[in-house]
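*Asks:* Here is what each chain is made of, one letter per residue.
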Amino acid sequence: MLLIKNLTASINGTPVLKGIDLEIKAGEIHAIMGPNGSGKSTLGKVLAGHPAYEVTGGEVLFEGRDLFSMAADERARAGLFMGFQHPIEVPGVSNSSFLRLAYNKKAEAEGRDELDPLEFDDFIHEKIKLVAMREEFLDRSLNEGFSGGEKKRNEILQMAVLEPKLAILDELDSGLDIDALRVLGDAVNRLQRADRALLIITHFPRILETIQPHYVHVLSGGRILKSAGKELALELEERGYDWVLEASAAGGAR
Amino acid sequence: MSSTFNVVTSQEYKYGFVTDIEADSAAPGLSEDTIRFISAKKGEPDWLLEFRLKAYRHWLTMAEPDWAKVNYARPDFQAIVYYSAPKQKTPKYASMDEVDPELKRTFEKLGVPINEQAALAGVAVDVVFDSVSVTTTYKEKLATVGIIFCSFSEAVREHPELIKRYLGSVVPSSDNFYAALNSAVFTDGSFVFIPKGVTCPMDLSTYFRINNKDSGQFERTLIVAEEGASVSYLEGCTAPQFDTNQLHAAVVELVALDRASIKYSTVQNWYAGDKNGLGGIYNFVTKRGLCKGVASRISWTQVETGSAITWKYPSCILLGDESIGEFYSVALTNHKQQADTGTKMVHIGRNTKSTIISKGISAGDSSNSYRGLVKVQPKAEGARNFSQCDSMLIGQSCSASTFPYIEVQNRSARVEHEATTSKIGEEQLFYFQQRGIPAEEAISMIINGFCKDVFRELPMEFAVEATKLLSLKLEGSVG
Ligand SMILES: Nc1ncnc2c1ncn2[C@@H]1O[C@H](COP(=O)(O)OP(=O)(O)OP(=O)(O)O)[C@@H](O)[C@H]1O
Ligand SMILES: [Mg+2]
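If you read the sequences in order, they're chains A and B. Those letters in the first sequence? Residues 1 to 254, by the working numbering. Those letters in the second sequence? Residues 255 to 733, by the working numbering.
Next comes chain B alone, as it looks inside the complex (with noise of 0.2 Å):
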């Protein structure tokens, strides 16, 4: 009973603007011809075409998931735009300074580097603006030592027989409705191929922006570490404000070979909608790693604080002997959001293990859900997992829930599932207020306090970030 404990609104979203730029867009909705019309516009092989076909002819059999704890007005997918494109002479801008001066505007607002002078020393970027990749830095940097980091589009040019063997090796694309829908109208997004023994020498990072009222997201990401090769990837993601909803279905792949490593690490700030829950992204992602070589790693790190629906299971597929899979995550929820997001594990090689560590956090009128899988398959002699699944809730009309589903088909397994609930409560927040400490400081010591264990895993500049962030959207009238 407390008239004073109450975190109701957040800042206003910052990143809701959006750039007046002329467009080549496709006409709304979805055929066979909107797919072809896509495929020709990128100058697509015929294989990449079929490929997309068949997806589509895939996805008409299929029906939307309803198992996830979200509830949303289900997208018209007729009404959607399958391809915008800020207008542009030539097909990929040669150099910086050919980009429409516009668009450098956007980004620098964003805080984007794309500018390699002005850039964030040791990080690469790959800047997506809606269905297209708009430039890409260090690419020839990092070409010196064999590394490839381009725009999907490029890669399918410069690269097909790479995209042909790996393209759908880890998501096929009849896995489900969105990865489906993916398959057969992705756009653009970013390929990295790291070639055996190299460690990658920056971060690389790639930046979406969706800009277009009407148009959906469907970026692919395709990484390819080969033998003993490591490298560490950033993905960060914004969108403006507006009243309707706009589509994000993503499919992100990873492919770690014998002692290769991966580390995905996503900040994710969609726009969440208003407070009423008007507008917002619906964010559909299917995002999954495959260690297939001996003593591989994939490590997924997310914060999660956007988007209207989140609907999102990073995933490893455990397949070579003793190779790693883990997954941290923060998923915060504020005012009407609603999240079901967590991961699997699905172990088959000997000896493999798997760390979860789950943290979410719930204000407002919100909704946050833990998901996970942890499978071990019969040949699994020894494997391991350890999942930590806490949730913490601001406020009394927020939700949390935890479903951990776990299935062990072999006996030398060892499974630990912990999980807590916590609240922010008054008299913590009281506690603080006495010492001096105003309450909305106290909840950001207490919520990074809470989430430690997760940030530790990503890049310093993204903890530094998802720190402000998670304070920027708790940000509200307490007291």
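Excised from the complex, chain A in its bound form (with noise of 0.2 Å):
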């Protein structure tokens, strides 16, 4: 589904990304930890495709496509949705017309039918209760005034809205309570399907209890220093990121 072949990436002419390899094929799910600033939520928007970042060099096909001739919108419409870290508040735009038009533009591209306000009303109402989130968030306008978990189950929502292939999550458990990330990681689970896959970024292993990755990979500095299995997650919880990167160092730069 996604293959992500030596991706190098800039911010303001600062390198952040130095050459990533991953492939993520369907039904598989992914998690990346690492340190503070080492480029998990770069490889996001770089794949999103952020205009801020610049891809300095290597190669990601996603479906076989070149992601990088696509637009953002364009990703997003094929599939590639991204759950932010820190979702962006837009006041006067409300939550519900947001989600339509994403779910239209998105029905639109795939030749669907679209939805009408009345229609779109019966469809949001059953997505809701798969995050549980009160109705009257719908009328709010988006993400203003939500709390960090509000934000982070309203992002849920929209993916449970545009269903997409893959689904980048980062830190979606940051800022969740003990039910709501519950909540959440048993909504991720039931959109997983074995023709979509997930890509989780986070620091904690709490969450990869409930969404059970196939794979752990290391990143720091901007390399994927490690890949292993799920029990990685813990033995990073238990001595911490200095021996993956003591080892990496040992075994000479990849």
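Among the hints, a few may not be true.
[As the list claims (entries may be wrong)] Derived pair list, reagent style DSBU-like, types lysine-lysine, alpha-carbon separation capped at 30 Å:
hint: 1; chain 1: B; residue 1: 590; chain 2: B; residue 2: 418
hint: 2; chain 1: B; residue 1: 677; chain 2: A; residue 2: 151
hint: 3; chain 1: B; residue 1: 590; chain 2: B; residue 2: 393
hint: 4; chain 1: A; residue 1: 5; chain 2: A; residue 2: 230
hint: 5; chain 1: A; residue 1: 5; chain 2: A; residue 2: 129
hint: 6; chain 1: B; residue 1: 706; chain 2: A; residue 2: 151
hint: 7; chain 1: B; residue 1: 607; chain 2: A; residue 2: 127
hint: 8; chain 1: A; residue 1: 165; chain 2: A; residue 2: 127
hint: 9; chain 1: A; residue 1: 18; chain 2: A; residue 2: 127
[What the hints assert, rightly or not] Here are a few chain A residues that face chain B, going by a calculated C-beta distance under 10 Å:
hint: 10; residue: 48
hint: 11; residue: 52
hint: 12; residue: 72
hint: 13; residue: 87
hint: 14; residue: 112
hint: 15; residue: 180
hint: 16; residue: 182
[As the list claims (entries may be wrong)] Here are a few chain B residues that sit away from chain A, every Cβ distance over 10 Å (derived from the structure):
hint: 17; residue: 549
hint: 18; residue: 681
hint: 19; residue: 690
hint: 20; residue: 695
I should point out that these hints are in silico values taken from the structure, not numbers from a laboratory. Every residue, glycine too, gets a C-beta built ideally from N, C-alpha and C.
Fit the two chains together into the complex; they arrive one by one in their own frames, and the hints show the way.
*Replies:* Laid out in structure tokens, this is it:
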């Protein structure tokens, strides 16, 4: 589904990603962990097409297509979704009209019928149940004044509406209370299918107990230093990142 | 630092065509003779000629105002044509069939319903082309309930006593430089009179079109609502695309007697000049409403998207006790446009109330200023004002300013002012794009959200129109 080959990228002339190789196949769940500032969010935003980042080398194929030949909104309609670490607030735009426009843009691109406000109302009511969101949040301005946890819930609601092929979830778990973590973790699991894939960016193994990854990667200094099974997450929690960094330094630059 | 966030071009102005029609014009230039010429052309009574000459003599002593935050080459008042009318056999078309087919096509192209059969249901229209009113629809129907809706020239002929009583009663001919100029040379416009107790059964509308390259448009609108009457009035405007500037200096006067209500809505789309600031209309307009009676109400709603320069402050004089003044405004500037617009609310009567909601949107290299005065006079016991002025910036090189002036001379008054400035930033746009929404649609959605409180005040069709217009004006190379 996603094939990343020797990807390098910089922001304001500073290199942040220094050669990433990663393959994610349909049906797989990958987790990325790593120290603060190591480039995790950057990787997500580069894949999603954030205009501030410059791709300086490498190649990414999404479902066989050259990802970088597609505009950000095109990538989204093709099924790439990013749940943001810090979702932005948009005053004046109601959550429900935003969701409906996003849904209809994708439907249009796929040649499906668009939903009018009434049809969408029925549709969205099923979706908010999945993430246990209260109805009133639909009428509020997009993320405006939402608490950190409410914003994350809204991200997963958007994911449920768009049903992406590949969802990159950047620190979904930070700022969530224990119940919310379980609810949203379950929701993400329910959205996962054999023809979809997940890339979970996190600092904590806890969320990986609910959304169980097939692979855990350690990203540091803009490179993936180690990849292993889900047991790596717990080992990292016990031992920290230093041993990975040291082992990688000893093994020479990759 | 982004290469892709760049709202630079807007869709071409689609009303920029010129109608090729034979015109009956005065020679360029302004003198007492020009004024006598206009007055004679219109067969005006002596008192009106006197009104004009007095205004002209006063104008000669006045200086062009320079306090607004706008920069432009001052118009050469001797190069302007002060009278230009499509040539016609009879002074006024008796029926639509007599209107020049070329003119009819022009208004069809502009989407203005001048043919009653094809008209938007429920809107009567007065159509002004350069200096004269071409036609007024639904006039007879309105007359059955005593409503007068006609061109200004016709009102001077048919209802001189009303014109004499109210002309200049809200905006005196010496009020300001452009109002004085207008009072001297105004050519046509609309007159509305709603008699006691009558609620106007349909929206009334005037459509202004400047066609002649060298002509100025100086129209005059006067709306009078008697005791308990109410009316909703809409104004629309366009002009062809020339690389010179045309001057539009209108005067609008509204008078509301006891418990009367006047709602005045404008969607202004004069040609704004090109991307580099060449050409476009200078829109220097004086609009003022007098809430003369007890519990009367005047509400201005404007969506200003056009003109190279906009200088405009629709105001309310709240004379009657318990009268209400409202101002709802969206002003959008792009490229090199400059707008200095706002309102004045003058509280004179007791328990008068005013509301000001202003939304300024600047893009490109434009400059957008809100200038507003809230004045509470000593006798305005219990006066209340609420002002909300929000600015939205799109891109890096535009500017927005807010100049609120507050003068309170009564201690029981309550005046509240709130202001915000926001930016449509890269992060917001990226968020929309990441959800599959193209940047242009994202901007239009954000802008509509921003303007919601004003659009809500517009009549339905106008609101739809305004929404489309804003999107069009901001359409450009994003991404
Ligand atoms: N606009 C910017 N200008 C300069 N440097 C930036 C900018 N944005 C990000 N960076 C830098 O890029 C590096 C990677 O940041 P990124 O957000 O990808 O880290 P992260 O791994 O997601 O960290 P965290 O775990 O704290 O979320 C950091 O050193 C950060 O300071
Ligand atoms: Mg991060």
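*Asks:* Each hint: holds or not?
*Replies:* Quick rundown of the hints versus the structure:
Annotation: proposed proximity of residue 590/B to residue 418/B is violated, straight-line Cα distance about 41 Å (limit 30 Å). For a cut-off of 30 Å, the pair hint linking residue 677/B to residue 151/A stands: about 21 Å separates their Cα positions. Using a Cα cut-off of 30 Å, the hinted pair residue 590/B and residue 393/B is violated, with the two alpha carbons roughly 41 Å apart. Of the supplied pair hints, the one linking residue 5/A and residue 230/A holds, its CA atoms being roughly 23 Å apart against a limit of 30 Å.
Only pairs whose Cα atoms come within 30 Å are accepted, and residue 5/A paired with residue 129/A is rejected, the gap being roughly 39 Å. Taking the CA atoms of residue 706/B and residue 151/A, the gap is about 24 Å. The hint holds against a cut of 30 Å. In summary, the hint linking residue 607/B to residue 127/A is not supported, as the alpha carbons are separated by about 45 Å, beyond the 30 Å threshold. The suggested pairing of residue 165/A with residue 127/A holds, with an alpha-carbon distance near 17 Å, which does not exceed 30 Å.
Proximity of residue 18/A to residue 127/A is assessed by CA-CA distance (about 39 Å); at most 30 Å being required, the pair is judged violated. Among the interface hints, the one on residue 48/A holds; its C-beta lies about 5 Å from the nearest C-beta in chain B, closer than the 10 Å criterion. With its C-beta approaching chain B no nearer than about 6 Å, residue 52/A sits inside the 10 Å limit, and its interface hint holds. Proximity of residue 72/A to chain B holds as hinted, the smallest CB-CB distance being about 4 Å (cut-off 10 Å).
The interface hint given for residue 87/A holds, since its Cβ lies 7 Å from the closest Cβ of chain B, which is under the 10 Å cut-off. Because the closest C-beta pair between residue 112/A and chain B is about 13 Å apart, greater than 10 Å, the hint is violated. The restraint placing residue 180/A at the interface with chain B is violated, with a minimum CB-CB distance near 21 Å, outside the 10 Å limit. Here the hint on residue 182/A is broken, as its CB sits about 26 Å from the closest CB of chain B, past 10 Å.
Listed as outside the interface, residue 549/B is consistent with that label: its C-beta sits roughly 33 Å from the nearest C-beta of chain A, beyond the 10 Å cut-off. At the 10 Å boundary, the C-beta of residue 681/B falls inside the reach of chain A, the nearest C-beta of that chain being 5 Å off. Not every CB of chain A lies more than 10 Å from the CB of residue 690/B, the least distance being 4 Å, so the non-interface label is violated. The beta carbon of residue 695/B is not kept farther than 10 Å from every beta carbon of chain A, the shortest such distance being approximately 7 Å.
Going down the numbered hints, you'll see the structure goes against 1, 3, 5, 7, 9, 14, 15, 16, 18, 19, 20, while the others check out.
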